[in-house]
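In the order they appear, the protein sequences are chains A and B.
Under the UniProt record's numbering, residues 1 to 278 are what the first sequence spells out, in order.
Under the UniProt record's numbering, residues 1 to 278 are what the second sequence spells out, in order.
Hints may be right or wrong, so weigh each one.
[To be verified] From chain A, some residues computed to sit far from chain B (all C-beta separations above 12 Å):
| no. | residue |
| --- | --- |
| 1 | Asp32 |
| 2 | Pro74 |
| 3 | Gln90 |
| 4 | Ile158 |
| 5 | Met209 |
[Said to hold, decoys possible] Taking lysine-lysine and the BS3-like style, the derived pairs with C-alpha atoms no more than 25 Å apart in a straight line are:
| no. | chain 1 | residue 1 | chain 2 | residue 2 |
| --- | --- | --- | --- | --- |
| 6 | A | Lys5 | B | Lys38 |
| 7 | A | Lys3 | B | Lys5 |
| 8 | A | Lys49 | B | Lys3 |
| 9 | A | Lys165 | B | Lys165 |
| 10 | B | Lys49 | A | Lys2 |
| 11 | A | Lys49 | B | Lys20 |
| 12 | B | Lys71 | A | Lys5 |
| 13 | B | Lys208 | B | Lys20 |
| 14 | A | Lys38 | B | Lys2 |
| 15 | A | Lys182 | B | Lys165 |
| 16 | A | Lys49 | B | Lys5 |
| 17 | A | Lys71 | B | Lys208 |
| 18 | A | Lys208 | B | Lys165 |
| 19 | B | Lys242 | A | Lys49 |
| 20 | B | Lys20 | A | Lys20 |
| 21 | B | Lys49 | A | Lys3 |
| 22 | A | Lys5 | B | Lys3 |
| 23 | A | Lys165 | B | Lys38 |
| 24 | B | Lys3 | A | Lys165 |
| 25 | A | Lys197 | A | Lys182 |
| 26 | A | Lys49 | B | Lys208 |
| 27 | A | Lys5 | B | Lys182 |
| 28 | A | Lys71 | B | Lys20 |
| 29 | A | Lys38 | A | Lys3 |
FYI, nobody ran anything at the bench for these hints, they're computed from the structure.
Virtual Cβ for every residue (Gly too), placed ideally from N, Cα, C.
2 protein chains.
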Amino acid sequence: MKKLKRSQRLVDMTHFLLEKPHELLPLSLFADRYGSAKSSISEDLAIIKEVFEGEGMGELQTLAGAAGGVKFIPRMPADEASSFIAELCQMLEQSDRILPGGYLYMSDLLGQPAIMEKAGKLIATAFYGVEIDAVMTVETKGIPLAYATAGQLGLPVILVRRDHKVTEGSAVSINYVSGSHKSIHTMSLSRRALREKSKVLIVDDFMKMGGTIRGMVDLLGEFGAQVAGVGVLVESEVADVKDRLLHDYVSLVSLGEVDARERIISAHPGNYFAGRAQ
Amino acid sequence: MKKLKRSQRLVDMTHFLLEKPHELLPLSLFADRYGSAKSSISEDLAIIKEVFEGEGMGELQTLAGAAGGVKFIPRMPADEASSFIAELCQMLEQSDRILPGGYLYMSDLLGQPAIMEKAGKLIATAFYGVEIDAVMTVETKGIPLAYATAGQLGLPVILVRRDHKVTEGSAVSINYVSGSHKSIHTMSLSRRALREKSKVLIVDDFMKMGGTIRGMVDLLGEFGAQVAGVGVLVESEVADVKDRLLHDYVSLVSLGEVDARERIISAHPGNYFAGRAQ
Chain A
1 MKKLKRSQRL
11 VDMTHFLLEK
21 PHELLPLSLF
31 ADRYGSAKSS
41 ISEDLAIIKE
51 VFEGEGMGEL
61 QTLAGAAGGV
71 KFIPRMPADE
81 ASSFIAELCQ
91 MLEQSDRILP
101 GGYLYMSDLL
111 GQPAIMEKAG
121 KLIATAFYGV
131 EIDAVMTVET
141 KGIPLAYATA
151 GQLGLPVILV
161 RRDHKVTEGS
171 AVSINYVSGS
181 HKSIHTMSLS
191 RRALREKSKV
201 LIVDDFMKMG
211 GTIRGMVDLL
221 GEFGAQVAGV
231 GVLVESEVAD
241 VKDRLLHDYV
251 SLVSLGEVDA
261 RERIISAHPG
271 NYFAGRAQ
Chain B
1 MKKLKRSQRL
11 VDMTHFLLEK
21 PHELLPLSLF
31 ADRYGSAKSS
41 ISEDLAIIKE
51 VFEGEGMGEL
61 QTLAGAAGGV
71 KFIPRMPADE
81 ASSFIAELCQ
91 MLEQSDRILP
101 GGYLYMSDLL
111 GQPAIMEKAG
121 KLIATAFYGV
131 EIDAVMTVET
141 KGIPLAYATA
151 GQLGLPVILV
161 RRDHKVTEGS
171 AVSINYVSGS
181 HKSIHTMSLS
191 RRALREKSKV
201 LIVDDFMKMG
211 GTIRGMVDLL
221 GEFGAQVAGV
231 GVLVESEVAD
241 VKDRLLHDYV
251 SLVSLGEVDA
261 RERIISAHPG
271 NYFAGRAQ
């Protein structure tokens with residue numbers, strides 16, 4: 001790489017750090033990359049740190065010593081988080097989302113990578129400081145959110161399938177009760193997918209009674225793995241919370257009554273700001 | 001936002017541009033954000049442009065006039081592309097991927113957001129300059145690649161389902177022949193998901209005879225939409241290419257013989273560098 005001026009180095013380093021969240025990058029990597037002294041690199045990083053942390057875009061952690069370096073932990077600023085959640089609520093309240101049976105069409109929202117990216121950053125922010133080894137979801141609609149979250153955390157995604165596929169090798173299957181309809185379903189996870197004692201963040205697009213997520217919790221039990229947390233994009237309010245199969249989770253949006261006759265949907269912020277996210 | 005120095009502005013602007021690929025950002029947005037003159041912003045952008053384009057990280061397009069602004073088009077530098085493809089081949093050649101029936105376990109690769117991010121950037125780079133309105137894939141394993149590609153292109157993802165779900169509203173279903181086994185399957189797409197005359201980039205994780213992708217092409221036909229291109233992570237070589245149901249595509253990796261007895265897999269670069277990607 002040709003010798004860059006400080007202004008140019010700052011652009012390149014910002015790009016480099018943003019592409020590798022949660023990765024420990026030794027100062028020597030930058031020193032070699034730019035043919036600069038480590039002291040100059042430290043000054044550059046101090047400027048980047050000031051901007052990132054000043055704007056609430058994330059933390060730049062510096063670890064001293066031979067094994068040291070710098071690590072970027074992305075976060076979403078609180079004001080951006082609340083305006084994003086408000087925007088989500090507004091989009092969900094569009095009356096043409098109501099489908100027969102009172103279901104809500106959400107595929108257009110879930111289909112926008114920029115929205116998923118922000119939602120994933122928000123869930124990653126909510127679990128800041130929690131020790132996590134992997135992000136888990138069950139196919140299909142939670143997948144983009146799980147990848148966005150895992151990308152922000154620098155972690156792999158473990159994908160639970162609805163049935164056992166030949167391309168997954170030997171697998172563990174469990175049955176679970178879907179709370180809303182009390183119907184029995186199966187989910188299955190490749191034996192290779194998860195190491196024992198892993199700490200796993202469960203992510204999904206939608207939760208009502210929590211039966212599907214409860215199924216993933218049980219599946220983790222089968223692998224001797226642990227739940228590090230649960231994050232959902234939308235929780236649907238239930239008549240009696242005691243009926244819910246799961247109580248400890250972070251939600252971005254809470255969906256109230258869907259009045260299919262009057263075509264009114266009410267959505268308001270989930271427990272993101274109320275709960276452990278603080 | 002408090003007044004920033006040039007060095008600080010460069011960090012913030014780089015972050016801002018990287019988060020919004022393909023979005024036209026007016027200079028006044030930056031001028032307001034930093035309380036700076038447009039002339040200073042133009043100078044900042046010139047520095048960023050020089051670094052981005054010098055390193056092959058993408059293009060910074062400047063559009064003059066009242067409706068003008070700046071737009072970041074991400075690209076992957078050619079040297080990074082070839083080392084990434086070589087790395088993919090190496091990972092795919094690990095003999096413990098072989099499953100009964102000669103299938104290959106790929107879920108660990110597909111489960112790494114950083115790998116999907118790079119693969120998506122590569123496919124986006126391959127279709128640089130092609131007019132595209134949306135990225136389409138069929139559940140399940142192609143989803144992360146489709147989102148990564150669409151994210152780089154600033155486009156929505158259209159997700160085809162294997163069966164018709166209540167949460168999708170009215171849908172169009174078609175039958176298709178899966179080439180490898182000549183078996184009949186169904187795929188289905190919500191009527192709301194796709195506008196007529198849309199130009200669609202089809203993305204998938206794996207292609208052998210091309211039957212699944214052919215199904216998506218047929219589905220596009222049902223919606224009066226057009227194929228803008230096809231990108232796959234891995235193509236599997238076939239004995240006679242004439243049997244393939246699809247000939248115009250971009251692949252990152254080409255999978256040769258899988259010798260289940262000797263436990264040997266051969267993978268080499270796909271047509272990314274050979275074909276239209278140039």
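Right, here's what the structure says about each hint:
1. Asp32: holds, 15 Å
2. Pro74: violated, 10 Å
3. Gln90: Since the minimum Cβ distance to chain B is about 18 Å, A:Gln90 lies beyond 12 Å and the statement holds.
4. Ile158: Non-interface label on A:Ile158 violated, nearest chain B Cβ at 6 Å vs cutoff 12 Å.
5. Met209: holds, 16 Å
6. A:Lys5 / B:Lys38: holds, 23 Å
7. A:Lys3 / B:Lys5: Holds. A:Lys3 to B:Lys5 sits at ~23 Å (cutoff 25 Å).
8. A:Lys49 / B:Lys3: Between A:Lys49 and B:Lys3 the Cα gap is close to 16 Å, so the pair holds against 25 Å.
9. A:Lys165 / B:Lys165: holds, 20 Å
10. B:Lys49 / A:Lys2: This hinted pair holds, its Cα atoms lying about 16 Å apart.
11. A:Lys49 / B:Lys20: The hint holds at about 21 Å.
12. B:Lys71 / A:Lys5: holds, 24 Å
13. B:Lys208 / B:Lys20: Distance of about 35 Å is beyond 25 Å: violated.
14. A:Lys38 / B:Lys2: It is violated: about 29 Å lies between the C-alpha atoms, which goes past 25 Å.
15. A:Lys182 / B:Lys165: Within the cut-off at roughly 18 Å; holds.
16. A:Lys49 / B:Lys5: holds, 14 Å
17. A:Lys71 / B:Lys208: Judged against 25 Å, a Cα distance of about 41 Å means the pair is violated.
18. A:Lys208 / B:Lys165: At roughly 17 Å apart (the allowed maximum being 25 Å), B:Lys165 and A:Lys208 satisfy the hint.
19. B:Lys242 / A:Lys49: violated, 56 Å
20. B:Lys20 / A:Lys20: holds, 17 Å
21. B:Lys49 / A:Lys3: holds, 16 Å
22. A:Lys5 / B:Lys3: OK: A:Lys5 and B:Lys3 at ~23 Å, within 25 Å.
23. A:Lys165 / B:Lys38: With a Cα-Cα distance of about 57 Å, the restraint between A:Lys165 and B:Lys38 is violated, given a limit of 25 Å.
24. B:Lys3 / A:Lys165: violated, 56 Å
25. A:Lys197 / A:Lys182: Not OK: A:Lys197 and A:Lys182 at ~30 Å, beyond 25 Å, violated.
26. A:Lys49 / B:Lys208: violated, 47 Å
27. A:Lys5 / B:Lys182: With Cα atoms ~60 Å apart, A:Lys5 and B:Lys182 exceed 25 Å; violated.
28. A:Lys71 / B:Lys20: Measuring from Cα to Cα gives roughly 23 Å; hence the hint holds.
29. A:Lys38 / A:Lys3: Holds: A:Lys38 and A:Lys3 sit about 14 Å apart, inside 25 Å.
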